[in-house]
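Enquirer: Going down the list, the sequences are from chains C and P.
The opening residue of the first sequence carries number 1 in my numbering; numbering runs sequentially from there.
The opening residue of the second sequence carries number 437 in my numbering; numbering runs sequentially from there.
Since the hints were derived computationally from the structure, they do not count as laboratory data.
Quick caveat: nothing in here was measured; it's all calculated off a predicted structure.
Keep in mind that a hint or two might mislead.
[As the list claims (entries may be wrong)] In silico BS3-like pairs for lysine-lysine, Cα to Cα no more than 27 Å straight-line: (1) K970/P x K283/C; (2) K789/P x K570/P; (3) K428/C x K1230/P; (4) K426/C x K1230/P.
[Stated by the list, open to error] Partner residues aside, some chain C positions facing chain P, computed with beta carbon under 7 Å: (5) R398; (6) I401; (7) L434.
Every residue, glycine too, gets a C-beta built ideally from N, C-alpha and C.
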Amino acid sequence: MNKLIINIILGLLVSTSLMAQVPAPGSAQSEPIAIMNATAHIGNGEVIENAIVTFENGKIRNVVDARKVRMDLSGYKQISASGMHVYPGLILPMTNLGLVEYNAVRASRDYSEVGKIKPHVRAAIAFNTDSELIPTMKFTGIQLAQVCGQGGLVSGTSSVMQLDAWNWEDALYVEDDGVQVNWPALTLRARWWMGENERRVNKNYDEDVAAIKKLLEDTKSYKESNPAEKNLVLEAMVPVLEGKKRLFVNANRPKQIIDAIQTLKPYSVKLVITGAEDAWYVKDLLKENDIPVLLSNVHRLPNRPEEPVDMPYSLPAMLANEGIMVGLTHSDGMIASSRNLPFFAGTVAGYGVGKEEALKMVTSNTAKILGIDNMTGTLESGKDANIVISEGDLLDMRGNIIQYSFIQGREVSFDALQQRLYEKFKTKYESQGLGN
Amino acid sequence: MCWMLAAVVVHAQETFHVNGVPDSRPGLYALTNATIYQDYQTVIPDATLIIEDGKVKAIGASVTVPKGATVVDLDGKYIYPAVVEPFGDYGLPEPGKPAGWGGKPQYESKKEGAFGWNEAIRSEFRAAEVLETKSKSASELRKIGVGAVNSFVADGIHRGTSVFVNLSDEPVQNAVLKSDASAHFSFSKGSSKQQYPNSLMGSVALIRQTYYDAQWYKEQGKKVQTNLSLEAFNNTQSLPQIFDASGNKLRVLLADKVGDEFGVQYIIKGNGDEYQRLNEIKATSASLIVPLSFPDAYDVADPLSALDVSLADMKHWELAPANAMMLSDKGVEFSFTTSDLKNKGDFWSNVRKAVTYGLPQSAALKALTYTPAKQLKAQDKVGALNPGMVANLFVASGDIFDDQSKIQQTWVQGQKFEFGDLNPADYAGKYEFKLDGNTYAMEISGEPGSQKAELIINDSTKTNLNFKVKNNEVTIKFGLEGQDADVRLAGWIDSESISGNGQLADGSWANWTAIKTGDLEVEEKKEEEKEEAKAPELGDVIYPFIAYGWSEAPKQETLLIQNATVWTLEGDGKIEGADVLVKGGKIAAVGKGLSADGAKVIDAKGKHLTPGIIDEHSHIALFSVNEGSNAITAECRMQDAVDSDDINIYRQLSGGVTMSHLLHGSANPAGAQSALIKLRWGEDPKGLLVAGADPTIKFALGENVKQSNWGDDNTIRFPQTRMGVEQVYMDGFTRAKEYGEALAKYNGLSRKMKSKTPAPRRDLQLETLLEIINKERFITCHSYVQSEINMLMKVADKFDFTVNTFTHILEGYKVADKMAEHGAGGSTFADWWAYKFEVKDAIPYNAKLMSMAGVTTAINSDDAEMARRLNQEAAKSAKYGGMDEIEILKMVTLNPAKLLHLDDQVGTIKVGKDADLVLWNDHPLSIYAKSEMTMVDGKIYYSTEKDMAARKALSDERARLVNKMLDAKNGGARTQKPRKKEQHLFDCEDVIYEGATLND
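Sequences and hints are given; from them, build the entire structure.
Expert: Next comes the structure, spelled out in structure tokens:
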């Protein structure tokens, strides 16, 4: 063989490894594992400074204080994690993750179906386990995502997915867990490009609210009359009335939140208010009705110039301190930035609650809000082994250096596109003697 | 009701053919026994005014009435010079509609004829050529006492000339006081469908270039070509130049700034909010035209809706009526205009309101008469009632500043227009009303001229009569209970009795009488009303005029910050337990155990002090971001679009930002000249700019400039590929180089030769590109993929300059070695990616890899929210690539300072540098870090303490204003619904197209 051919073959080898797919999912847990001597952040507010966390067959077995409990760990693979921190895997709710790759490229967008009322449209089946975005989420500690479509009044049915899977079926954590509703806006955005600087009244508001009401009324009627002819739209809504699917209603302005709660109350649905940017102004209504909120984005600007500069940072703590169940999402920005979920919690911790309380907002609170708290959200015996081990404080950029990540006991690989590109060019520059 | 009694031709039209017999009348009038304001400050009691042939013949207390004059006895009445409207649209066609959205973009002018290149320059337009008098709006204006209007068509950036016209019913030729009375400018391109300009800085740039082009045309261009637009532009230079600075007070400052560049003092039409920048407005020396429209109170009854009313809007509601008073106190010359009033009927009540708020009456009259006339250089014709001037006046029933007074007549060019009877009869009183054998009590009440009548059936029942009186004839119509049809009566008035006949409900005829039996009881409440008329208590003007604006400016103090962890970013990078002395806005000392007499000591134990954060890529504090039209718009300047009232300045101070590089967007390969500001919250745009900084410019590459995501209509503009982008640059720089050579050649000529040789036309676009070639202006280039990054460096190499900074530069890591070799810096995002195709290979290790290769690397925001966490964004390089903490912090301080060529002034904590400092509660790279104090030039613009006080003050001020608005509503004031103001937050990819916001 001549040199050229060798070079081509070598080139191909390099490029195939670089062009390769997202890393393969980990294989099923084959032996019991014990994480030794890390600071365990349970996710329910508790911390064990020097803990032993064990898991077996994908389930957490023991979470104990190493200073108080002695364990026989023969047969266990031990991970020495002294000085490190162990957390339950983070949960990213209300996301398009896996439904979009490059937002500006139409062909890569799969999150918005045609129509106003489409609860029958299911996010799970479009979930792309090979999205390059997914490894970047896992790289900061996110392990589960509630994946949903958007657009229209009733956007579709979401599912909770675990982020280490071969295909969407494998990825299903809870299938069809909820229906997403966009409460109509009372006012519409100013068309700034036309020089408008004031919001416009939404003339269709009453009509749209009526359409949501009618959907629930018709579902009730459909469920009770059980007609011979199937209606896929109403079929998808029946579990909502049965309390088997939660209703995630996106409402940001105070009057929207009031209208949403007052309109939906008679149907006894399991209601979650998402977005909830102005929740503070209607906190009593949320409290009285025991309605949890999934806040849209901690790293956003205040809604009004008058609001305290740190209002979005403080809001989660303000609501939590009122006794309202708060989870954090990243539902209104660039999807790539959702990987900063732990840092949203970090910001929250700087503004009115402790770090463990902030951690709850991306772990156990979210699990409760999604109805998966029996499976995950804390480091507690019997729950899935969704575990993250970080060199330092997971909520801080400086400490969020993930050493291990286990999803249902399977070890997650971090050798993804971004890391490969980093290594590729780092090696190049090192070979040039740069950076020393 | 308005009818005209003297609609006759006063002056014959000498040159015109008359179809029939000429009918010109004497037009000689004597208005007697009135209180006459000869001008805004001269009042003559019991005086006579003689009008002849439409002009004032004589005025005074002892004027003899000439023989044959029609005498109008105005005993008890007041005569004022008619109002002069300096900014009207009377008699002119509506301006064309602005371009709609969507459709194929239009880059060239489609206007036929030998006009200029841009449809927004309509300098050749002459309002006098299309004026149509006798339009409906005349009577509306005459009713409020207007006699003459300076009328123009509000369309275009140059709107041509106005016509100054009397509101008489004379033929156009006679009514016109001055054709080409003034030339008109604005920042809005109006109905032009051409793409350029579509931003504020584009409008300004077009005005600038038009001045230069017109100069060139005058000197040499006209020898080789005909350009009617430039010709007209030159021909109208001697006229008053009126600039419509609609928007807010900052536009007034901008208009004046543009005028100053060309030695032109514009008369500037303001917005009624000039009090918000009074000192700066005064400093312009401009004469203003000020609208008299005041916002209605907001209906704040619903507290949740009221959340959407901004503090600024609330305060403006309270302070708008005081605007004229404040301008007057400050000695600013201004006229009033009715032009922004939705309901012209509000005009006088608003004038009176301004007077109630402290504007002297004479100043009000001056602004209505003398000043507008003077602005139009017509003070010898209108605005006063001196002999020889046009007989434009109005007659009021009393002192015009008295709420009860009404305008009863307006005379224009000696023609009288009446609004009702001059002295309507007063029928008020109690009457005995007899009809068809029944007797009722009747009451007539109300102001003479508009009186109403009621039948008193019994104590609790009254029936309103449809009661009309005209020329002592009466008609009455009413229905009685239990009757299907109305009673209809006609009658006639004879002193105190009225009689007549009419038809009853059943159709039968009957006689009726009403005999006056006495007067109505008079209610006395005058005293109280006078009490209310005193000037109201007003809140403070705040700077800027938005929430968290201050009423007391932050001052430079001598500050000693003690015992902090000082991140000097010099030497070892940081010093534990160190002190920093700030004096005169500079860092005066850094070290341990410092002391200073008189310094205010700040205990910073356990805290961290860092240099202020510098955001190399920001779009806050801007009115517009993209001049998204032509491929090269290098002539545009972002500093023309700086909005110093942006709340994001304050928000970013709270995140430790002290300096922001305000960039044009990325809609075109060569965008606009950047503006560099320090976050001196409360200063005006000029006060924000960093003086003496090296000039910079924004370039852009990739999907945005090739319009990849702009929709299917936008596939026309060159370039549509990365290949084309290179050629745009090659072309631009080649032409710029040639321009430079031509300039150099011309400048090298002897004086004699120069006088014989035409100077090259000054071209602001090529001049800017030439500055880049000459290393006098430095590029910040939006870029993503490695091919284009490499390309621009090669273009720069060909013209022997260096690309200063690549911004975004998400694939910078792939060519970092080349960048380092070329000398380009990289200002990037910490972890943005995947939002479009060209960022598919973006990695959060970019900053680390670029740094590693020796590229001066910064982390920037391009996002109003992210900027206030820029320290934390940078900290992501600890996670991604394990960068050293000192190096990380430098990426948001020293490195951007280097990229801006200001590292000798800011960016580290070093003696002699600007005291732009941030005191953090925690490690500055921690997610838990918060700024407790941010100072710029040694002034504390933000601190936790100040912020808490501001929150309290804001809440109190809102509560006060809410109560005041509720009181106003309860008092019967008009209100408006709260509507949420929405600020568009620009990022560099905002493109104005089809309503699509191309975020990310």
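Enquirer: Look at each hint and say if it fits the structure.
Expert: Going through the hints against the structure:
no. : hint             : verdict
1   : K970/P x K283/C  : violated (44 Å)
2   : K789/P x K570/P  : violated (31 Å)
3   : K428/C x K1230/P : holds (22 Å)
4   : K426/C x K1230/P : holds (24 Å)
5   : R398             : holds (4 Å)
6   : I401             : holds (6 Å)
7   : L434             : holds (5 Å)
Taken one by one, the earlier hints fail for this structure at numbers 1 and 2, listed in ascending order.
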